[in-house]
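J.: This is what each chain is made of:
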Amino acid sequence: MAISNATLAGLTRTELLEMHYKMALVRRFEEKSAEEYTRGKIGGFMHLYIGQEAVGVGSITALRPEDKILCSYREHGHALAKGMDPGAVMAELFGKITGCSKGKGGSMHMWSNELGIYGGNGIVAAQMPIAAGVAFAAHYQGQDTVIACYFGDGAVDEGAFHESLNLASVWKLPVVYICENNQYSMGMAVGKAWAVDSLLPRAAAYNIPGDQIDGMDIIAVYESMKQAVEHARNGDGPTLLEIKTYRFRGHSMTDPAYYRTREEEQQWRTTRDPIGIFEKKLLENGLATQAEFDENDAMATQVSEDAAEFADNSPDPALEELYTDVMVDNSTALTYRYERK
Amino acid sequence: MRTITYRDALREAIREEMLRDERVFIMGEDIAGYGGTYAVTKGLYEEFGEKRVRDTPLAEEVITGVAIGAALGGLRPILELMTINFSLLASDLLVNSAAKMRYMFGGQPSVPFVVRMPSGGGAQRAAQHSQLFETWYAHIPGLKVVMPATPYDVKGMLKAAVRDPDPVLFIEHELLYNVKGEVPDEGVEYTVPLDRGEVKRPGEDITIITFSRMLHISLQAAEDLAKEGIEAEVIDLRSIRPIDIDLLVDSVKKTNRVVIAEEGWKYYGTGQGLAALIYEHAFDYMDAPIQHVTGADVPMPYSKVLERAALPKKSDIVDAAKAIVPAALVRS
Ligand SMILES: Cc1ncc(C[n+]2csc(CCOP(=O)(O)OP(=O)(O)O)c2C)c(N)n1
Ligand SMILES: [Mg+2]
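Line order of the protein sequences matches chains P and Y.
To convert, note that position 182 of the first sequence is 182 in this note's numbering; the numbers rise steadily by one, no gaps.
To convert, note that position 194 of the second sequence is 535 in this note's numbering; the numbers rise steadily by one, no gaps.
It is possible that part of the hints are untrue.
[Claimed, not checked] The calculated EDC-like cross-link candidates involving lysine to aspartate or glutamate, where the alpha carbons are at most 20 Å apart (straight line), are:
id, chain 1, residue 1, chain 2, residue 2
1, Y, LYS645, P, GLU35
2, Y, LYS645, P, GLU321
3, P, LYS41, P, ASP255
4, Y, LYS595, Y, ASP638
5, Y, LYS655, Y, GLU572
6, Y, LYS541, Y, GLU527
7, P, LYS192, Y, GLU523
8, P, LYS41, P, ASP306
9, Y, LYS383, P, ASP255
10, Y, LYS654, P, GLU321
11, Y, LYS500, Y, GLU388
12, P, LYS244, P, ASP217
13, Y, LYS645, P, GLU309
14, P, LYS280, P, GLU35
15, Y, LYS645, P, ASP236
16, Y, LYS645, P, GLU292
17, P, LYS172, P, ASP236
18, P, LYS192, Y, GLU387
19, P, LYS192, Y, GLU402
20, P, LYS280, P, GLU309
21, Y, LYS645, P, ASP312
22, P, LYS281, P, ASP214
23, Y, LYS654, P, ASP325
24, Y, LYS645, P, ASP325
25, Y, LYS645, P, GLU264
Just so you know, the hints here were simulated from the structure itself, not pulled from any lab data.
For reference, chain P alone in the conformation it holds in the complex (with noise of 0.2 Å):
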């Protein structure tokens, strides 16, 4: 079929391919990631996002480079797909002082000013009034800047989810609260956490928008995200997106997933999988050609492995990091490091 130059979405064929090509690396990287895990390179906690490719590259596209996103602890996906660089997100996992939080934070803690990455928070949910605090900031300073927050089902059930939306709401905030329904938290399956089982009860509660999308599709992620982040620009507000998708993996490395079948995890591994759901749409609509795709997937693989290269040369933390950073004016830091001899 000939390659047509139709857009999809309102997205060049460009800017499709680089969304394929960004799915392609988080899923890539990530299992590089899983793979250095075992082999003993990384370790601590440590939360795959395979699965959910669809989620954080679809919103992501509908970012503009100066917005800000927040995060859980499941963000080497986020981070790769606003721009870090994937060395740098490697070297942060492997704890050397070339990663993006100089290896002091880890997998569940990246950061970069640059480009708008305010973290990775370990603490269900605390992302999502900081969130609230970094939309009252652009909104303050007359900035048009939109703040995307992205958190799990878990972080639902937690007072600081209602005390955010409602705050957010009541100022007319721009932030968009992106619920990753992945339908577990930890082994706790949704149905049994949430009084209701949707979303849009919530957001109307608050009387903000909300949408529920297919979290597979990333078409479907981005024109959704798409209007939220409008909305949120032209000053109306926050809205709650609820995207449904599945992590492929356990909750984290060292969860067998005892809590679901492993037929469950095939089908969706072989049905509704985001990355050849979002192919087959683009050759369905002769946008794209296969070989583009192995073209993409090659370069993934090649950049993921030259990332963990590049982490497995960097030096470690000098020593006398330990006591840096605690504070900007670190003399002001209570520290005994001198005591220490």
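Once you have looked at the hints, place chain Y with the ligands on chain P.
T.: For chain Y with the ligands alone, kept in the frame of chain P given last:
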């Protein structure tokens, strides 16, 4: 006696108390279907069912309030908070309600419940997931705060905590669950008091006061010191509030020298509180300034090399002890 893990000892205590008393139930995030983040509650859901082993939504504040309310309502809740780091979301209810109710309402209500929660660092979990807050909670009148370090103590103290009429914060350590130790056979009834420390290794030359995971490191340090001719007495505090001050003073009278070893931050912490108490009660017996081994005074870094540097080590305890034992006292 059998040898079992700290984890299994905890599970046995919960199980035995649930069998003993219908009012005892356990709830928390992922404790039923998942079996607990650290597998402490594994199998209990299968044995006791949903009514008494309850998974909760991910909401520390409300589940802590529910535990307090259930205690007021006549039950004996055991609440598992996934880690102590997340107890900060519940700390208002612990501090402003649970700890105050007995006093504030003139001795009428009692709030008999246990909050179990792991704490501590050492597994590269970075700044938000490696903390110790026993010091914060021990500051609060109206709470009991315990931190058992061995399988025997953890079982006996959890059973005592469940039976205790007041709120008990029962703080475990993430790196202790696999530690093994001797525990009486299942069904052999015993409890360990919530207000008594214990001498875990007798010695004449210096007292090492410690608790939780640092007990094990202190015992190793004592072995090293013994090889160098210094006999250390190692005291496991077990309870952070109340403090078994008599035990400490008795030891200090004998050794005249103290090293306090704890994993947490130094300033305004448990160790500094202990030091003040020792000076208050045993100043005349002290022959050297108290030495204090703690974690580095920084948020916990993720990097393996930095985390290792941040945590107190065996050699830190050995060095601290040697700094205050004069050469003349060292046996050859
Ligand atoms: C306040 C708080 N409570 C508990 C935890 C432990 N915890 C980490 S992730 C998680 C599950 C969160 O699930 P969800 O919000 O659905 O996000 P997902 O992991 O599915 O991306 C829990 C309970 C935590 N980090 N913070
Ligand atoms: Mg989830």
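J.: Are the hints correct? Go through all of them and say.
T.: Consistency of the hints with the structure:
no., hint, verdict
1, LYS645(Y) x GLU35(P), "18 Å, holds"
2, LYS645(Y) x GLU321(P), "12 Å, holds"
3, LYS41(P) x ASP255(P), "18 Å, holds"
4, LYS595(Y) x ASP638(Y), "32 Å, violated"
5, LYS655(Y) x GLU572(Y), "15 Å, holds"
6, LYS541(Y) x GLU527(Y), "23 Å, violated"
7, LYS192(P) x GLU523(Y), "39 Å, violated"
8, LYS41(P) x ASP306(P), "15 Å, holds"
9, LYS383(Y) x ASP255(P), "14 Å, holds"
10, LYS654(Y) x GLU321(P), "19 Å, holds"
11, LYS500(Y) x GLU388(Y), "19 Å, holds"
12, LYS244(P) x ASP217(P), "10 Å, holds"
13, LYS645(Y) x GLU309(P), "18 Å, holds"
14, LYS280(P) x GLU35(P), "28 Å, violated"
15, LYS645(Y) x ASP236(P), "46 Å, violated"
16, LYS645(Y) x GLU292(P), "40 Å, violated"
17, LYS172(P) x ASP236(P), "6 Å, holds"
18, LYS192(P) x GLU387(Y), "18 Å, holds"
19, LYS192(P) x GLU402(Y), "18 Å, holds"
20, LYS280(P) x GLU309(P), "33 Å, violated"
21, LYS645(Y) x ASP312(P), "14 Å, holds"
22, LYS281(P) x ASP214(P), "14 Å, holds"
23, LYS654(Y) x ASP325(P), "23 Å, violated"
24, LYS645(Y) x ASP325(P), "17 Å, holds"
25, LYS645(Y) x GLU264(P), "36 Å, violated"
Hints 4, 6, 7, 14, 15, 16, 20, 23, 25 from the earlier list are contradicted by this structure; the remaining hints agree with it.
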